[in-house]
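A.B. asks: Listed below are the residues making up each chain.
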Amino acid sequence: MNTDPHFFSRRAFLGRSAQGLGAVALGSLLGREAAGKPLPFPGVLSNLHFPQKAKRVIWLTMAGGPSHLETFDPKPKLAEMHGQPMPESFTKGQQLAQLQGQKLTCFGPQHPFAKFGKNQTEICALFPKLGSVLDEICLIRSMTTDAINHDPAHMFMNTGSQIAGRPSMGAWVTYGLGSESSNLPGFVVLTSLGKGGQNQPIAARQWSSGFLPSRYQGVQLRSKGDPVLYLSTPKGVSNSQQEADVQTIAALNRHHDALAHDPEIATRIAQYEMAFQMQASVPELMDLSKEGAASLELYGCQPGDGSFASNCLLARRLAERGVRFIQLYHKDWDHHGGVKEGIELKAQEIDQACMALLTDLKQRGMLEDTLVVWAGEFGRTPMSQGGSGRDHHNKAMSVWLAGGGIRGGLVYGSTDELGYAAVENVCTVHDLHATMLHQLGIRHDAFSVKFQGLDAKLTGVEGANVLKKILT
Amino acid sequence: MKSAPQLLPVLAFLLSHATADAERTVLFNRDVRPILSDNCFYCHGPDASHRKGKLRLDIREEALRKEAFVPGAPEKSALIERIHTSDKDDVMPPPDSHKSLTPNQKETLRLWISQGAQYQLHWSYEAPAKASIPQGTHPVDALVQQRLREVGLKQAPEADRRTLIRRLFLDLIGLPPSAAETAAFVSDSRPEAYSELVDRLLSNPHYGERMAQGWLDVVRFADTIGYHSDNPRNIYPYRDWVIQSFNSNKRFDRFTLEQVAGDLMPDASDETRVGSAFNRLILSTEEGGAQAKDYEQRMLTDRVRAIGAAWLGQTTGCAQCHDHKFDPFTTRDFYSLGAFFADIKEPIIGRREDGMLVLDPAQKTRFEELTTKRDRLQAEFRSPRPDLEPEMKAWETEALVAASFKDLWTPAPLSTPAASKGNLNLRLDAQILRASVDARRTARNQSDGTETVSVTFTLPETPVTAFRIEALREKSPAIGLGSNGNFVVSELSISKGKAPALSLSRTTATFEQPGFPATAATDGIADQKNNGWGVLGGTGADQALVLQPTQPLHEPGAKYTLKLHFLFGENHGIANLRISTTGEQSPPAAPKTSSPSPEITTLLKVPAEKRTAQQKQKLEAAFRDVAQSLTDLRSRLGSAEKDLADFSAAAPKCLVSISAPAPRTVRILPRGNWMDDSGEAVRAALPSYLPKTGFENRDLTRLDLARWLVDRQNPLTARTVTNRLWRQLFGTGLSKVLDDLGAQGELPLNQPLLDWLACEFMDSGWDYKHMVRTIVTSSTYRQSSVPSAEQTSADPYNRELARQSAFRLDAELVRDSALAISGLLSPTIGGQSAKPYQPEGYWENLNFPRREYPADSGENQYRRGLYTWWQRSFLHPSLLAFDAPSREECCAERNRSNIPQQALVLLNDPSYVEAARAFATQVLEKAPEPERLRWAWQRALQREPSQEEIKTITPVLERHRAMYRENPAAAAEFLSVGQAPIPKNVDPGELAAWTHVARILLNLHETITRS
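Heads up: the sequence lines are chains A and B, in that order. According to the working numbering, the first sequence holds residues 1 to 472 in order. According to the working numbering, the second sequence holds residues 10001 to 11011 in order.
It is possible that some hints are incorrect.
Below, simulated SDA-like cross-link-like pairs (lysine to any residue); rule was C-alpha separation at most 20 Å, straight line [to be verified]: (1) 10099(B) x 455(A); (2) 10099(B) x 462(A); (3) 92(A) x 10675(B); (4) 92(A) x 10292(B); (5) 235(A) x 10847(B); (6) 10736(B) x 10798(B); (7) 195(A) x 10843(B); (8) 235(A) x 10798(B); (9) 10099(B) x 445(A); (10) 10099(B) x 448(A); (11) 235(A) x 10962(B); (12) 10293(B) x 161(A); (13) 450(A) x 10893(B); (14) 92(A) x 10293(B); (15) 340(A) x 104(A); (16) 10736(B) x 340(A); (17) 10984(B) x 10823(B); (18) 10293(B) x 96(A); (19) 224(A) x 10847(B); (20) 10088(B) x 448(A); (21) 224(A) x 10877(B); (22) 10951(B) x 255(A); (23) 235(A) x 10910(B); (24) 10052(B) x 10094(B); (25) 10498(B) x 10553(B).
Computed beta-carbon distance windows for the label pairs [to be verified]: (26) 387(A) x 10841(B): 30 to 38 Å; (27) 10421(B) x 80(A): 42 to 50 Å; (28) 10496(B) x 80(A): 34 to 42 Å; (29) 10526(B) x 83(A): 47 to 55 Å; (30) 295(A) x 10420(B): 39 to 47 Å; (31) 303(A) x 10944(B): 51 to 59 Å; (32) 10293(B) x 119(A): 39 to 47 Å; (33) 10442(B) x 128(A): 43 to 51 Å; (34) 10526(B) x 303(A): 44 to 52 Å; (35) 10526(B) x 292(A): 37 to 45 Å; (36) 10353(B) x 387(A): 32 to 40 Å.
The hints are simulated quantities; they were obtained by calculation from the structure and are not laboratory data. Small disclaimer: the values here were computed from a predicted structure and weren't measured. Backbone N, C-alpha and C define an ideal beta-carbon position, used for all residues, glycine too.
Using the sequences provided together with the hints, build the complete structure.
C.D. replies: So, in C-alpha cells, the structure goes:
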C-alpha cells in the first residue's frame, strides 16, 4: 500500500531526471549538499506548521525501564517509610506487573541525591557528570505510560500504539521531514548492551515504518559484523569491481526502461547508487579512529567497543551528516532485583556519555537545533520486589529533554510523596510525541496518514498536548 | 435490505469531472458518502460517544429528524448553510478538525440535496449483483470494456508470448519458466495453447505454494509467538495445510470452515484440526509479569481483527475502544465477535503446548505399531502372575532389610549445583537435587542430550565410611530423565576442592541394567556411550549406588563435590538425587533390592493376613517394579515406552483449536480497558449490521461463525477474497484498500466487475481455481503492461485496466527466482521451516533465551522463500528488505517499496552470491562459446540479449576476467561463498568472471519484475 501521492510524483521526477541526465548526473544530484538546497529525500510536509526549532532528534532509549527513584526523582519520604507496608490508598485496584496480588512494602531510594545546576536540582548522586550539564536539561518527573510489559511499552513509546504494525516515531519524522543525508538512511538505530545481564529483547518492529513506505524504516547500525546488513561487498570482489557491476546493472536497466517505460526503473537505478555510496559512507561514519583523542576521552570510549558511549559519539557523527532521527537503545535497566548495584553499573555506562553528547553538540553549535530525549519505556515501583529490586510501573517515570528549543534547567511536573504516581503536570507519551513534533515544526494533530479507515497519527486518537511550558 | 443500486447507467459521470454540472446525477455511495465520511461522520456518524449535537448524518431519517437538510431545497438546508458560512463558530467542518471542503465537494452536496438527498446502504453491505453478460463475451472483458468505453480509453494490445508465459508462471506458480518451456509456448500457435498452459499451471504442485503466500500474510502465519522473547511454537503443518488446500482446490467455504471451526465440524479429522490452527496464529507472550487479563484481551482483539481482515474486509480494531466512527460496527459487535473464540483451550500467558501430532500415513502406521507394542507389554506387565508368589515372599523379607538399611544413612546438606551445559535445569529442594530437561534447548536442537552435573555436599561431624547416591522417583514419572525413564551414570567422582578424586574400594548398586553395571560408573572410562551404570528395568523404584572410599574420612563440615557425567545422551540424567553418608564400621554393600518407600515399608510391616485388598495391590505393584524375574519384561517395556516417546518428540506437531467445555466470560471493555470489569458480559453474536437470517435465537459457536462467513447472504467475504485475488493478478485491487471495504475504503471504480466476480465465486461453489482461470483467460489479463504516453497521463495508476501492470516480485519470489535460475532451488513442498544464510548477530537483540541462528545445510538451504523461518520480531532481513511483513498483524496488502537495502541484498547476501556462482557454473557447463551470453539471458529472462546489452556486458566480463587472472586468490575467495560445491574441471578465474555476469543478471530490474 502506498497512500502517499508525493511518492509517485517524486518517482516520476527522478524518472525524468535519470533518463535525461544519465546515471553520473543522477549520482551527483543525489550527492548534493543539503544546505539551502532541496533535500535529497524530501518529506511529505512541504510547508511546516510551526517554525522549526529542532532539525533532528537523538532519542536515548533506556530499555528495561529505569527506576526514577534511583535517577531523577528524589523521595525522602519513601526513604523514611522503607520496610513499612505500602499504604493501600496508593495501590488499591491498580495495574501491577509481577507484584500483582503480592504484599507491598515501601523500598527506599538506594542511592543518595545531590544538588546540581543553577537551580540546585536534586538528582541521584551517581550522575555527577550529567549533573554538570543539568542547566541544559529539562527534567520531566511526571511522565506516565499505558503499558507495563516491556514489549508493549516500547511499542507505545515508539509508535503511540500498543498494536504492532504502526510506524515508529523515527519513521513518522523522516516521512514528514525527509532526510538531509544523501548517502545515509534518514532514520538510524544503534543498540548497546549493559553489563548487568538484564538485557531485555528488543524487536525490530520498534523501528519499523509500519504502514508507511519501507524507506522510512529505521536502519540498524551494528557494532559487530556489517554495520548495515549486507553492506560488505562479497569477498573476492574489489570495490572497483563492485562499482563496475553496479554501473552495468544501471546501464542494462536503462536499456530496459527504453522499452518498458516503468518509472520504478529510474528509482531502482537511484537506489543502487545510494546502496553503493552507503558501502563507502557507512564504514567511514563508523570509523571512530578518525576522532581525536580528546573526543574519545570526552565520551570515554574506544573505537569499536560497541558501548553506549561509542554510540553517543556515533550519534553526533550521524547528526553532523544530516541524519534526521537517531535512536540509541541502551539495555539492562530491568532491575527487578539488585537495583542498587544495577543502577551503579548503568551510571558508569551512561553518565559521562550523556554529558559528553550534550557538551559536544553544544561546542559544535548543534545543540540548539538537535532535540535530545532520554527516556525508558516505563518507571519502577516504589515498592520492593524481592527485597532488592523494583517492579515495572507505568504511573510515574522520569524523562529528560535537551536542546532543540527546550528550556534547560527546568524541572517539570512531580510525583506524589512516595513516587508512586505523577500528580502535578501529569503528561503522557502522546504529549511527549506532540512536543517533539512541535519542535520539529509539525502540528501533531494535522500530521496523519489514512490507515484502516482512520487518520492514523503518531499521537493516537485520544488527543495530546504540546508541553508548552518546557519550550523556550 | 434495500435492493442493489443500479450504477451502470450513470458510470459515465466520472468522479474526476471537476466542473459543476447541473445535469449530473449525484449518487450517494459514489459521490456523497466519501465526503460525509471523511469530513462529517467523525462527529455526526455511528459513534455515539463522539457525536455532537445529537446529529447523525449517516442515517437519512436521523438527519431529517434534526432538520439537517430539506430534500429538494438546498437553499433551505442547514447543512449547505453551515458549509458555506464564514462564521468561524458555525462553519462545518469546524476549524479545529483541520478538515475543509473543496468547492467541488460543496457543490456535490448541494446537487445531492437538490436531487432529493437520497441515501444508499454502503455499497459493500448490499448483496452483490451479477451483471448480465452478452452471449459469447468473456465476462471480465465485457465489464472492463464497458467501463473503458465510458471513460474513453482503449484496451492495450495483447502482450507478446514470452511476456505472457513469464507472467502466467510468476502469477500462478511463482517461478520463471525455463527457456525451453518459453520457446515451446512462443512457437505454439494453436488457439488453445494458452488455456492449456493455464490448466497445466493450475495443476502444478507449486500453484499451492504461490497461492498460499498471500493467505499466510492475511492470517499472519509465523513460526514464533511474537511478543517479548518471541520463542518458537509448533505451527508449520498449518502452512502445509494451506498449500495442500490450494493444490487440491478445496472449496473456499470448506477452507473457511476448517480454519475457524475445524475441530467442531461434524466430520472433523486430523486435517480439519490442522486447519483450525488458524485460531492459534495470534501473538502470545512468555514475559514474566504479564497479566492474564491483559493478554486475554489482546488475544481476543487479535482474533476479531483477523476475521475482519481475512474474510470481511472490515477494519474492526477501533471498535475495541469505541463504536466504529465510520462503519456501523459497534463495540458490542466487536466483543460479541470475540466471544466466538472464548472456548479455545490455551494458556493465556507462557509457553504454548506442543500441539497435535500431525502424521502422514506411514508415520501413522508406525505410531500405531509403537503404541500397540507399548500397550501389549504394559498389559503383560500388569497381568496376574501367581507363579511369582514365592519370589514376592522373598522380596518382602529383602525389602524390610533394605528398609532398615536406609536407617544407616544420614542425608548430606547440598549446595552450589551446576550443570555445565545447561541442557538440564537444576534446583535444590531441601536435601534433594532435582533436575529437569531444558525444554527450550531441546526444542531448538541446541541440546546434545548429555550433561555433567556437579553438586557440593558437607560432611557430618561423625566419620564417613561410605557414600550413598540415591536416584529417587518421588513425583517424577521415573527415576531417570530419559524418555524411557532411564539414566546412565557414565562416570562419577568425589573430590575436595582441586584435590584428586577420592579413591574408591567398592561400588555396588540396588539394581543394575544388564550391560550397565555399577562398577562402570567408577572405572575411569568417561568417554564411551555404553559404559556406565544404568537402571533400565528398575526405573520405577528408587535405586541407589553405594560407594566405599579406600580410607574412611573424618572431616566435620568439609565440603566435597560429587561430579556425575551423563554422557549416554538422550537426556539420560537422574531426576532426583540425594547423597547420604554412613559411619558404620564395616559399611554394607547395597542391598539386592532397592529401598522401599516409607509407605511400602509400613505396608510390609502389616501382617500378610491383615492387609486390605488395596494394600495388597500396592505391595504387588511395588514388587513388580523391582522383581528379578520381570527385569527383562521391564526393560522391554521401558524400551517400548522410549521408542514411542522418541517418535512423538520428533514427529511434526501443530497447535490446533480445542474447544473447552466452559468458555471464558467475555465482557465489553469500556474504552478497551482490561482493568475495567464493569462492562456487560456478551455472548457470541454476528455483527448487527449485516444480514444473518438463520442464525437467530440460539447459542452460536465458531462453526456458526464460519458458516455465516461463507453464507450466500454475507455480502463481504466473496468480494474481499476476489478483490485480493485481483490484486495478485493486476497489482491493485478493484477496490484499492484491500483490508477495508467499509466507509473509509474505496468504492470500486468498476463495481459491476467486482460484484460479478464475487457472485461467480459463490455460484461456482467457491471454486478458487475457477476464479483464477476465469481471470487469467480474459484478454484484460493478457494485455501488454507497457503504457502508452496517453495512458500514463490519463490513468497513471492503471485503475481503469486499459493495460496490465508491471510490478516487482514479492520478497519470497525474488529469492525463488534467483534459486530457480541458478538451478539450486529445492522442489520439495512443505515441511519444517528453513533457515537460509542470515548475517551473524542478527538475532542479538533476542533474549530469554539468547539464540544462535544455525543456517541449514544441504537441500534445506535452497528452499522456496515461503518456507523461511518466520521469526516475527526479527524476520529474515533479505525478506524484510523486499517488504515481506513480520506477520505480527494480519496483512492484506504488502508494500512494494524500492529501497537501497534491496540492492545490498541482491548484491551481497551470500544466498544471491552463491546463486550467481551456481548460475555461472551452468552457463559454463551447458553452453559453449559464443553461445554463453545468449544462454544466460534465456535462462534468466527467457529472451535474447540485444546488441546493446551484449555491448554493455562484454567489456565488464573482460575486465573481471583480467582482474581474476592477475589475482587468482580473489577468484577462489569469491567462489567460496556458499555451500554449493565448486565444480573441479572449471577454470576458477573464468567461473568468477562469469559469476559477475550472472550476478548482474540476477540484479536486473527486469529479473525481479513481473510485467
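A.B. asks: Look at each hint and say if it fits the structure.
C.D. replies: Structure-based check of all given hints:
Between the alpha carbons of residue 10099(B) and residue 455(A) the distance comes to roughly 11 Å, so the proposed pair stays at or under 20 Å and holds. At roughly 18 Å between alpha-carbon atoms, residue 10099(B) and residue 462(A) fall within 20 Å of each other, so this suggested pair holds. Distance hint between residue 92(A) and residue 10675(B) is fulfilled; the C-alpha atoms sit about 12 Å from each other, no more than 20 Å. Straight-line distance between C-alpha atoms of residue 92(A) and residue 10292(B) comes to about 18 Å, which keeps the hinted pair within the 20 Å bound.
Taken as a hint, the residue 235(A) and residue 10847(B) pair is broken in the structure, with Cα atoms around 31 Å apart against an allowance of 20 Å. For the hint pairing residue 10736(B) with residue 10798(B), the CA-to-CA distance comes to about 11 Å; that is within 20 Å, so the pair holds. A threshold of 20 Å between alpha carbons decides the hint, and for residue 195(A) with residue 10843(B) the separation of about 18 Å falls inside it, so the pair holds. Distance hint between residue 235(A) and residue 10798(B) is unfulfilled; the C-alpha atoms sit about 43 Å from each other, more than 20 Å.
Among the hinted pairs, residue 10099(B) with residue 445(A) is consistent with the structure: their alpha-carbon atoms are about 11 Å apart, no more than 20 Å. Restraint check: the Cα-Cα separation between residue 10099(B) and residue 448(A) comes to about 12 Å, which is no more than 20 Å; the hinted pair holds. As the CA atoms of residue 235(A) and residue 10962(B) are separated by approximately 17 Å, the hinted pair is consistent with the 20 Å bound. Between residue 10293(B) and residue 161(A) the CA atoms are separated by roughly 19 Å; this keeps the pair inside 20 Å, and the hint holds.
Note on residue 450(A) and residue 10893(B): the hinted pairing holds, with a Cα-Cα distance of about 14 Å set against a maximum of 20 Å. This hinted pair checks out: residue 92(A) and residue 10293(B) have alpha carbons roughly 17 Å apart, not beyond 20 Å. A threshold of 20 Å between alpha carbons decides the hint, and for residue 340(A) with residue 104(A) the separation of about 19 Å falls inside it, so the pair holds. With a C-alpha separation of about 56 Å, the suggested pairing of residue 10736(B) with residue 340(A) is violated against the 20 Å cut-off.
Restraint check for residue 10984(B) and residue 10823(B): the C-alpha separation of about 18 Å stays at or below 20 Å, so the hint holds. Of the supplied pair hints, the one linking residue 10293(B) and residue 96(A) holds, its CA atoms being roughly 12 Å apart against a limit of 20 Å. Restraint check for residue 224(A) and residue 10847(B): the C-alpha separation of about 18 Å stays at or below 20 Å, so the hint holds. Restraint check for residue 10088(B) and residue 448(A): the C-alpha separation of about 24 Å exceeds 20 Å, so the hint is violated.
For a cut-off of 20 Å, the pair hint linking residue 224(A) to residue 10877(B) stands: about 16 Å separates their Cα positions. Straight-line distance between C-alpha atoms of residue 10951(B) and residue 255(A) comes to about 11 Å, which keeps the hinted pair within the 20 Å bound. A C-alpha spacing of about 10 Å is found between residue 235(A) and residue 10910(B), which places the hinted pair at or below 20 Å, so the restraint holds. With a CA separation close to 12 Å, the supplied pair residue 10052(B) and residue 10094(B) stays within the 20 Å bound.
Restraint check for residue 10498(B) and residue 10553(B): the C-alpha separation of about 17 Å stays at or below 20 Å, so the hint holds. A hinted range of 30 to 38 Å for the beta carbons of residue 387(A) and residue 10841(B) is consistent with their spacing of about 36 Å. Remark: the range hint 42 to 50 Å for residue 10421(B) to residue 80(A) is upheld by a beta-carbon distance near 49 Å. Hint check: residue 10496(B) to residue 80(A), Cβ distance near 49 Å, so the stated range 34 to 42 Å is violated.
Take residue 10526(B) and residue 83(A): their Cβ atoms lie about 51 Å apart, and the range 47 to 55 Å holds. The hint said 39 to 47 Å for the Cβ distance between residue 295(A) and residue 10420(B), and at roughly 44 Å that hint holds. Checked against the hint of 51 to 59 Å, the C-beta distance between residue 303(A) and residue 10944(B) comes to roughly 52 Å, which is consistent with it. Under the hint 39 to 47 Å, the C-beta atoms of residue 10293(B) and residue 119(A), about 43 Å apart, fit the expected range.
Judged by the Cβ atoms, the range 43 to 51 Å given for residue 10442(B) and residue 128(A) holds: they are separated by roughly 49 Å. Checked against the hint of 44 to 52 Å, the pair residue 10526(B) and residue 303(A) passes, with Cβ atoms roughly 46 Å apart. Between residue 10526(B) and residue 292(A) the C-beta distance comes to about 57 Å, which lies outside the given range of 37 to 45 Å. Roughly 34 Å separates the CB atoms of residue 10353(B) and residue 387(A), a value that falls within the hinted 32 to 40 Å.
Going down the numbered hints, you'll see the structure goes against 5, 8, 16, 20, 28, 35, while the others check out.
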